[in-house]
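Novice: Its first residue numbered 4, the sequence shown is counted upward by one per residue in the working numbering.
Simulated from the structure, these hints should not be mistaken for lab results.
27 angstroms max Cα-Cα, derived DSSO-like pairs, lysine-lysine:
| # | residue 1 | residue 2 |
| --- | --- | --- |
| 1 | K145 | K112 |
| 2 | K49 | K29 |
| 3 | K144 | K128 |
| 4 | K128 | K49 |
| 5 | K112 | K144 |
| 6 | K144 | K7 |
| 7 | K7 | K145 |
Label pairs and their in silico Cβ distance ranges:
| # | residue 1 | residue 2 | range |
| --- | --- | --- | --- |
| 8 | S102 | S19 | 44 to 52 angstroms |
| 9 | D15 | D119 | 45 to 53 angstroms |
| 10 | S22 | K144 | 23 to 31 angstroms |
| 11 | H143 | E16 | 32 to 40 angstroms |
The structure displayed is predicted, hence computed values, not measured ones.
The beta-carbon is built from N, C-alpha and C at its ideal position, and this holds for glycine as well.
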Amino acid sequence: MAFKQLTPENWDEHDSTGSVFVLIDKNGVDRTPMGSEWARMILEPKLSQTVPSDVVEMFEVARGILVYGWFFYPLFTAGIEQLFLVHDSAIAHRCDELSAPKKIRSFAKRIEWLSDQGDWTVQRKTQWTAARSLRNDIAHKKQQSIFDPTMAVRNVNTTIELINELFGDTNITMR
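Using the sequences plus the hints, can you model the full thing?
Specialist: Structure representation (structure tokens):
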């Protein structure tokens, strides 16, 4: 296996599988962030207050899973997969807010309907469609996927950007 075997003795110790991933700072220096820095990158970005509480709760569960990826590497994957479910929930909530026709029930149809209602760019619609495709991939997978910590941070930031914009927060700041 490409991650630590959990035991009663090591469950609360860092899973060194992720130690090979580095960040490059503004000065071009690469380094491996420690646990508190990974946690800060995952926990610092915030959803807007305009996002429904059900979506926020799902997002916080996903984010919590990602933080604990520091201790058990596969949790980075589980957290990212949970984020794709958060995307689906956010789209469903937004369709409800805008009184979408009841026949618009699939993630794909909801994305299409919302795209037709607003001023989404082609890029934005592509991002939502990609989120739907990835959600479908995890729902029908035949083998374990493993995502890395940098993907976790990127997915948290992308999720926040998409959802904040979906619920009207146009003052989106990305780190």
